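Engineer: Chains as they are written, first to last, in our numbering: chain V, 1 to 166; chain Y, 1001 to 1177.
By construction, these hints were calculated from the structure, which means they are not laboratory data. Be careful, since some hints might not be right.
Chain Y is nowhere near these chain V residues, computed Cβ spacing over 10 Å in every case [stated by the list, open to error]:
id, residue
1, Gln28
2, Ala34
3, Pro46
4, Val47
5, Val52
6, Pro68
7, Glu85
8, Ala107
9, Arg111
10, Ser139
11, Thr150
12, Gln152
Examples of chain Y residues lying across from chain V (beta carbon under 7 Å, computed) [claimed, not checked]:
id, residue
13, Met1004
14, Thr1047
15, Thr1141
16, Ala1142
17, Trp1143
18, Leu1146
19, Gly1150
20, Val1153
21, Val1156
22, Leu1157
23, Leu1161
24, Ala1164
25, Ile1165
26, Gly1167
As the structure is a computational prediction, the values presented were derived from the model and not from experiment. Built from N, CA and C at the ideal position, the CB exists for glycine as well.
Spelled out from the first residue to the last, the chains are:
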Amino acid sequence: MNVTTAALVLAWICLVLLVLAMAGLLRQIRELQADVAGLSPRGRRPVVGRQVSALAGNTRTVLLVLSPGCPFCQVAYRMIAEAAEAHPEIRFEALAFRAAGWDTSPAVPLRVDEQLFADLDVPWAPALLAVDPSGIVVSARPVGSVDALTEQLRDLLDGAEPLPGV
Amino acid sequence: MTVMATICAAAALLLVWSGAEHLRHPAALGRVLAGSGGRLAAPAARTVAVAELLAGVATIGSLLAGIPGQGWALTAQGLLYAGFTASLWTRYRRGDRTDCGCTAVASVVGPAGVARAAGLAVASLATAAAGTVPTAPAAGTAWLVLLATGAGVMAVLLHALPAAIDGLPAGDPGTPA
């Protein structure tokens, strides 16, 4: 074997080693990406687009997310309850991870579910979510004031579908 | 024989590189040897490092400078790599995923580390068994340049390969330079 042929063979050996190293690095990057995605801090994952099967139903659901200790939550709940009484064709629900002695209304059942609250991972409270019949969150916005909630409710009620048979 | 000689020279360079690193920082290899050696870990790590340096320098000297004893040097190098292969394979089979202690670039015990050691053991022993490899003074300048550059590039690639393929040990971001 002359020097040129040997150089060519060695070059190919080095190329194969490089390809192996690159493949290994890419695999490690993919594993890291998967790990990072699973370790995202609370409230950093986008809420919209997340599927929560516990909220799936026959129609769109307007969900008010509450938190004990939040000063505006009772006001927001009362406003949602008024909207629910005025629009019986729409399904309203409230969700909290712990009961906090709110004055509840039969028009807006309060669901106390720590696991569901954690699954939704909503970074704000109160927050107003619209969930489609398959359980996918289609909109999520924080509720900061009476005016903001009124506007959000108007937007949501305009796009909501009535309950079947109502 | 040129290709085999270059691979053996790369293996020898890797041995010298690893031996120097193990002499400077014997802790990683010491931790590996501590499993069987207890308090003798540090002296054992230094002994292995010196053996690596001697075998590597002897092989490089015999290949590049035509120093006699090429067969012995290649055999010693092959046996060292065979020993590393056996140790790594045993740890890998045992499910050990700690730092292999091979070089200063931390990498877990994995298939790439085992394959590297096994491949270099086979290449060294096969070349030793095949007979004398032409050395630099007799083989010419082109051969010497090819051997030196090829071995250098291959040694660098082989040095980083286990960390790239097998990955870093958990919780160990690597040794700072």
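Engineer: If a hint holds in the structure, say so; if it does not, say that too.
Structural biologist: Hint check:
1. For Gln28(V), the non-interface assignment is contradicted: its Cβ lies about 5 Å from the closest Cβ of chain Y, within the 10 Å cut-off.
2. Non-interface call for Ala34(V) relative to chain Y: holds, since the shortest CB-CB distance, roughly 14 Å, exceeds 10 Å.
3. With a least CB separation of 29 Å from chain Y, Pro46(V) remains clear of the 10 Å interface cut-off, as annotated.
4. No Cβ of chain Y comes within 10 Å of the Cβ of Val47(V); the nearest lies about 32 Å off, and the non-interface call holds.
5. Here Val52(V) stays apart from chain Y, with its beta-carbon at least about 33 Å from theirs, past the 10 Å limit.
6. No Cβ of chain Y approaches the Cβ of Pro68(V) within 10 Å, the least distance being about 37 Å, so the stated non-interface status holds.
7. Chain Y leaves Glu85(V) outside its interface by the beta-carbon criterion, the shortest separation being 56 Å against a cut-off of 10 Å.
8. Its beta-carbon lying about 53 Å from the closest one in chain Y, Ala107(V) satisfies the requirement of being farther than 10 Å from that chain.
9. Under the 10 Å C-beta cut-off, the non-interface status given to Arg111(V) relative to chain Y holds; the minimum distance is some 40 Å.
10. Listed as a non-interface residue, Ser139(V) keeps its Cβ farther than 10 Å from every Cβ of chain Y; the least gap is roughly 40 Å.
11. At the 10 Å boundary, the C-beta of Thr150(V) stays outside the reach of chain Y, the nearest C-beta of that chain being 52 Å off.
12. Consistency note on Gln152(V): stated as away from chain Y, and its beta-carbon is indeed over 10 Å from all of that chain's, at 46 Å minimum.
13. Taking 7 Å as the C-beta contact cut-off toward chain V, the hint placing Met1004(Y) at the interface is violated, the least distance being around 10 Å.
14. Nearest Cβ of chain V to the Cβ of Thr1047(Y): about 30 Å, over the 7 Å cut. The hint is violated.
15. The closest approach between the C-beta of Thr1141(Y) and any C-beta of chain V is roughly 10 Å, which is over the 7 Å cut-off, so the hint fails.
16. Because the closest C-beta pair between Ala1142(Y) and chain V is about 5 Å apart, less than 7 Å, the hint holds.
17. Taking 7 Å as the C-beta contact cut-off toward chain V, the hint placing Trp1143(Y) at the interface holds, the least distance being around 6 Å.
18. Checking Leu1146(Y) against chain V by beta carbon gives a least distance of about 5 Å; that is within 7 Å, so the hint holds.
19. With a least beta-carbon distance of about 4 Å to chain V, the hint placing Gly1150(Y) at the interface is held under the 7 Å criterion.
20. Evaluation of the Val1153(Y) hint against chain V yields a held restraint, the C-beta minimum of about 6 Å falling below 7 Å.
21. For Val1156(Y), the suggested interface contact is broken, since its CB lies about 9 Å from the closest CB of chain V, more than 7 Å.
22. Given the 7 Å rule on beta carbons, the hint for Leu1157(Y) holds: about 4 Å separates it from the nearest Cβ of chain V.
23. Interface restraint check: Leu1161(Y) against chain V, minimum CB-CB distance 6 Å, threshold 7 Å, status holds.
24. Checking Ala1164(Y) against chain V by beta carbon gives a least distance of about 4 Å; that is within 7 Å, so the hint holds.
25. Annotation: Ile1165(Y) was flagged as interfacial toward chain V, and the flag holds, the nearest CB pair being 3 Å apart, inside 7 Å.
26. The beta carbon of Gly1167(Y) is positioned within 7 Å of a beta carbon in chain V (closest approach about 5 Å), and the interface hint is therefore held.
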